[in-house]
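Construct the complete structure from the given sequences, taking the supplied hints into account.
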Amino acid sequence: MDHKSAQYMEDFSFEPKQKTGQNSFEVPHCTEALKYTEGDFSKALELLFCKYYGYENLPKSSNLNELNLDELVQMREEEKEALESIYGDIFKESIKNRVWTVTMKLNYLIETEEEKVLKNKPKVPLKEICKLYLAGKCRYGIKCRFIHRQPAAKEEEKPKEDPTFILEIRFPENSKYPYEAPHIYFYKPNNGKYFSINCLRIVRRLLNEALTFCDNGTPSVYNIIALLENEEEIKTFLNENKEHFLDKDDLLFPQESEDIDSSQKLRNKKSHNTRKNANQFSSEEIIKQDLEIKTQFLDKQRSSQYQKMKRVRKQLPAWNKMNEVLNTIQENQVTIISGETGCGKSTQIPQFILDDWIINLSKDCMEHAEIVCTQPRRLSAIGVAERVASERDENVGNTIGYQIRLENKMSKNTRLTFCTTGILLQRLSGDPQLKSVTHIIVDEVHERSAESDFLLMLLKKLLVKKPNLKVILMSATLKSDVFSSYFGQVPIINIPGRTFPVQQIFLEDILELTNYVIEENSTFTRKIKGSWERHLIDLHTAQQQSSSMPKETILDENLSLAQLTGRYSEYSENTLKSLYLMDHEKINFELIEHVLEWIVNGEHAYPRTGTILIFLPGIAEIMTLKDTLRNNRTFSPARGKFMIVPLHSTLSSDEQSLIFKKPEQGVRKIVLSTNIAETSITIDDCVFVIDTGKMKETRFNTNQNMESLEMCWVSRANAMQRMGRAGRVMPGVCIDLYSSFRFKYHFLAQPIPEIKRIALEPLLLRIKILHKDPLLNLYETFGNVTINCLCYNCECTETQLQYYFCMCLDKMIEPPTRESIATAIQRLQDVGAFDPECILTPLGHHLAALPVDVRIGKLILYGVIFCCVDSALTIAACLSHKSPFISPYDKRNEVAAKKKEYLTSNSDQLTTLKAYRKWMEIHKKHGFRAGQVFADNNFLSIRVLQTLADIKHQFLDLLASIGFASIEKRRHVMGQDRVIEYTGDELNENNESYKLLQGLLCAALYPNVVKILTPEKSFVIQSSGAIPKQSRADELRFKTKNDGMVNLHPSSVNYTVGHYSSPYLVYQEKIKTSKIFIREVTMVSILSLVLFSGYGIDIELHNGTFIISLEDGWIMFAVESERTAQLLQHARVELVKLLEQKMQDPLMNIVAHPNGRKIIRTIVEIVTRE
2 MDHKSAQYME
12 DFSFEPKQKT
22 GQNSFEVPHC
32 TEALKYTEGD
42 FSKALELLFC
52 KYYGYENLPK
62 SSNLNELNLD
72 ELVQMREEEK
82 EALESIYGDI
92 FKESIKNRVW
102 TVTMKLNYLI
112 ETEEEKVLKN
122 KPKVPLKEIC
132 KLYLAGKCRY
142 GIKCRFIHRQ
152 PAAKEEEKPK
162 EDPTFILEIR
172 FPENSKYPYE
182 APHIYFYKPN
192 NGKYFSINCL
202 RIVRRLLNEA
212 LTFCDNGTPS
222 VYNIIALLEN
232 EEEIKTFLNE
242 NKEHFLDKDD
252 LLFPQESEDI
262 DSSQKLRNKK
272 SHNTRKNANQ
282 FSSEEIIKQD
292 LEIKTQFLDK
302 QRSSQYQKMK
312 RVRKQLPAWN
322 KMNEVLNTIQ
332 ENQVTIISGE
342 TGCGKSTQIP
352 QFILDDWIIN
362 LSKDCMEHAE
372 IVCTQPRRLS
382 AIGVAERVAS
392 ERDENVGNTI
402 GYQIRLENKM
412 SKNTRLTFCT
422 TGILLQRLSG
432 DPQLKSVTHI
442 IVDEVHERSA
452 ESDFLLMLLK
462 KLLVKKPNLK
472 VILMSATLKS
482 DVFSSYFGQV
492 PIINIPGRTF
502 PVQQIFLEDI
512 LELTNYVIEE
522 NSTFTRKIKG
532 SWERHLIDLH
542 TAQQQSSSMP
552 KETILDENLS
562 LAQLTGRYSE
572 YSENTLKSLY
582 LMDHEKINFE
592 LIEHVLEWIV
602 NGEHAYPRTG
612 TILIFLPGIA
622 EIMTLKDTLR
632 NNRTFSPARG
642 KFMIVPLHST
652 LSSDEQSLIF
662 KKPEQGVRKI
672 VLSTNIAETS
682 ITIDDCVFVI
692 DTGKMKETRF
702 NTNQNMESLE
712 MCWVSRANAM
722 QRMGRAGRVM
732 PGVCIDLYSS
742 FRFKYHFLAQ
752 PIPEIKRIAL
762 EPLLLRIKIL
772 HKDPLLNLYE
782 TFGNVTINCL
792 CYNCECTETQ
802 LQYYFCMCLD
812 KMIEPPTRES
822 IATAIQRLQD
832 VGAFDPECIL
842 TPLGHHLAAL
852 PVDVRIGKLI
862 LYGVIFCCVD
872 SALTIAACLS
882 HKSPFISPYD
892 KRNEVAAKKK
902 EYLTSNSDQL
912 TTLKAYRKWM
922 EIHKKHGFRA
932 GQVFADNNFL
942 SIRVLQTLAD
952 IKHQFLDLLA
962 SIGFASIEKR
972 RHVMGQDRVI
982 EYTGDELNEN
992 NESYKLLQGL
1002 LCAALYPNVV
1012 KILTPEKSFV
1022 IQSSGAIPKQ
1032 SRADELRFKT
1042 KNDGMVNLHP
1052 SSVNYTVGHY
1062 SSPYLVYQEK
1072 IKTSKIFIRE
1082 VTMVSILSLV
1092 LFSGYGIDIE
1102 LHNGTFIISL
1112 EDGWIMFAVE
1122 SERTAQLLQH
1132 ARVELVKLLE
1142 QKMQDPLMNI
1152 VAHPNGRKII
1162 RTIVEIVTRE
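Everything in the sequence shown is counted per my numbering, starting at 2 for the first residue and increasing by one.
Please note: incorrect hints may appear among the correct ones.
Calculated pairs, DSS-like style, for lysine-lysine (alpha carbon to alpha carbon, straight line, at most 25 Å) [stated by the list, open to error]:
1) K901 - K757
2) K919 - K236
3) K642 - K663
4) K315 - K301
5) K697 - K745
6) K462 - K901
7) K757 - K462
8) K883 - K528
9) K757 - K528
10) K132 - K106
11) K1040 - K1071
12) K552 - K745
13) K663 - K311
14) K892 - K1076
15) K996 - K1042
16) K996 - K1071
Hint data in this document are derived by calculation from the structure and do not stem from the laboratory. None of these values were measured; they are calculated from a predicted model.
Here you go:
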């Protein structure tokens, strides 16, 4: 590195080495960066920026790949010319198209604390020095009213700090600015005395500003400069923001010790929490930490920011209940707190407990406290933790922390932890007594998730063993009696809400108000018989005749036109037409757009300000509506009048912050949300709610024999919660896109508890993991039946074990049915998680750590083991979501023809995989638009393809969290697939092995196996002799073991196939209509069934031929010798042993393990060479 670069780097960001603290880029980091970039100054700066600000994880505009770099450079050139004309000489382009600098005089930043005190100190007049004394002639001595002393030597005036600061904007190579933020640097040249961490913090504020413009592709440098010139904004930010960056002792690239044992190199990294819990500290250390926390808390009372936030807290309804809450908790083991969303229960109750403990802490009373507060979603766990920390004028990670899957912010001082319910259940499996925990707060218990209900069951048992434990249940509804009764009539504290009245407008009324009319050929209409003209005649006739009111129990869509007219007789013809034609099961984006335009531009007396919150079922619908609004003249980003913000559970912390950001003057915020905004997230300035009445719930799909996310109608309780979001700051309006009759007579009163509608495999696996500890052993004496043990040596019948599971789950607040428990046990045995005696297998141990359907879990685990991660994740995403192929009713033949272009290995799943790969190839090479054109031309849904890419990355994160894949955590850009890039060549070397992938599908879909029955052989006589006649597709028959004969669905690529090289298929879904159909099928080889299915293997000798028999002889085939049969059996045993080793050492790298690699290669070779 040359001298000039070294000097500039020092001026730019390096304090002298002896200076401690976090002051700009630390010297060790700069040295490391320069070494890493081999002295390249620009790349070192870019590296430091990325590491300090997490630039890779920052949100960027979607579809970056489609952008033309030359056009972007031209845009920057035009922006540069505009900035030069505005700012003149203070703006310079230091490096062509790469670096811009702005020299700024910012006096407000150089004012020191000492100068502030002197400026504000009252001026006291000083006595004059006696002139006679100076002349040596004063005779008054000490009685003189003037001062007798020599004047002090005149001090040299300290030179004022130069207020010059440099703002530097850098555009790295291939920068996509303005669709992504530029690199921003802000510093004081010549090592000015202001040079401090505040420079780094100011850059964070400038970067956040730049990010708000990325999504719309709007240049942001002018706004960045204007923000720096805004003294009040920057000073306020610096007072409130206490962000800390990398410590100087931290490495930019943490490295393992060179002395590490060679076996350690065969281990994966696993995401985990590095913070010690209280059990790992000595009692002396804990006492010291607790006293330090109290000292800090008392010091904080003098903070103006803390007092300001305290005044805000006092305005919440929960504040008035503080003494009642604390007294009730003190006197009872279990307390229930019921309060409307927005009353402050989630943020204040945990603080009341924490503050009460801190205040009462003394040398005479050194009781330790650790409070755990569960949240149903990761987003709410982070959001509530950050809000509470903000109210306490501290950063998250000090006394307030959070822990979610793959992410945590905690320290030795953390005494209040917000976490997801799953994290606490996971902690229970490792620390069943929760030894250091004193208070457990379960928030949002009214949602009745299976995990929450299961946790309540465990806590009820734990309370008996741990009488000093305090449990607080918090609900957003008044129906808390069921929880009180469950814990023995414990007290309930009701906290009133703080809301304004909300007017509810149903579908029929909003159609009338907005004059919306749906057209007959709209994509949102339902199919009707005959032309609309004929129905129009019926409508006129019905209007003229008095029709009787139909029964309330009949849905609108099931009414005849005459009946509909009777129900809505006071409404116009256009409204009746729309109600009759509309497909109520679809999300009508056209109607939502029309209603939004009416809200902002229509003639009405409702508020013209405030956030508009729109409830949608899922991410796909959110993104579709977002795209629709971006193309609308009123809501287009180009106008800058509306800020469109998505809200769903997969948002990062940075993206989440946009939800709470106050828009600029004249800009209105529109939030597109899933049901997460019902209770978990509070949007304070919401005035309008548009409710589609739909949500997505996890349900067990009996056709697919696995869990799926299905769209369904909300309950009345959900709908009322959504309506309440509109009355936060003023009287609000809730527009429901469903009729009043549906709301009153067809919505369920309360949502169905999750335990009643999901597969129970995850709960049974948790029970098996938890029962090892005697404190939480869920198998006890039930009546006259005694269960002695359920360890790995247990010899119990399946019926007994099923009974024991039932007895255990019967203790839940609302137990599942016996039938659902029995089927869950069977599915766990089928997938290989339980053995025939219901003993947890090594595979079951790993599946217990994955929060996905067990079949999906098995597929993605095997994808890692057999080095085909990307392909396995793509197939798993399709199984858990849906195929991207769409099939318009009038184009079925065209769709079938397109599918055949990608036909692979007689498999619907592998055909879809091939089409997906082709889309990804075009998308990456030519950009988003080209990918969209390809999807349209091949009858693929672009939205489903993008969703599949997102699901793949979610699965990859799960694999990393349990140590099955070693990847560096990076932020995933929605809709983009970078799995191969993240996982590398080694884990993907078998991606193209279709025979192996067929085997993995067999592993995942077993026991969904079909036997292909061919007709008796017939021959065709030709000149060369008799030739066997090839079977036609319609001559084949398909048989399952339990259902008998079934039929291939016409949508399958195998529907017209008459010949298969293997007589077996596996299928994903079974549907019963007039016949039993199987959908999404794949041909599998016999050896795949032997190696990957859950069948037990029997080796028999018949007439001198060795036969391998599966499933009690339902599948049989001959092998050359007994040795061949035993080798196949041995391969299965070795695979199980390998998984067992992985269970004992979760970080073991199976792929790099010598024995593991040998086993895997042998199995791959057997399958692919059949």
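>> Next pair to validate is K315 with K301; report whether the Cα-Cα distance is within 25 Å.
In response: holds, 17 Å
>> Please verify whether K462 and K901 have alpha carbons no more than 25 Å apart.
In response: violated, 58 Å
> Can the restraint linking K996 and K1042 be considered satisfied, given a maximum Cα separation of 25 Å?
Replying inline: Holds - the C-alpha atoms of K1042 and K996 are around 24 Å apart, at most 25 Å.
> Taking only the CA atoms, is the gap from K697 to K745 under or equal to 25 Å?
Replying inline: OK: K697 and K745 at ~21 Å, within 25 Å.
> Within a Cα-Cα threshold of 25 Å, do K892 and K1076 meet the stated pairing?
Replying inline: holds, 24 Å
> Is the hinted pair K919 and K236 satisfied, with a Cα-Cα distance of at most 25 Å?
Replying inline: violated, 52 Å
>> K132 and K106 were given as a pair; does the straight-line alpha-carbon distance stay at or below 25 Å?
In response: Distance of about 45 Å is beyond 25 Å: violated.
>> For a C-alpha distance cap of 25 Å, please report whether K757 and K462 respect it.
In response: holds, 22 Å
> Does the structure keep K642 and K663 at a Cα separation of 25 Å or less?
Replying inline: holds, 13 Å
>> Check the hint pairing K1040 with K1071 against an upper bound of 25 Å on the C-alpha distance.
In response: It holds: about 12 Å lies between the C-alpha atoms, which stays within 25 Å.
> Quick one, are K552 and K745 close enough, alpha carbons at most 25 Å?
Replying inline: Between K552 and K745 the Cα gap is close to 13 Å, so the pair holds against 25 Å.
>> K663 and K311 were given as a pair; does the straight-line alpha-carbon distance stay at or below 25 Å?
In response: The hint holds at about 21 Å.
Of the numbered hints stated above, those contradicted by the structure are hints 1, 2, 6, 9 and 10, listed in ascending order.
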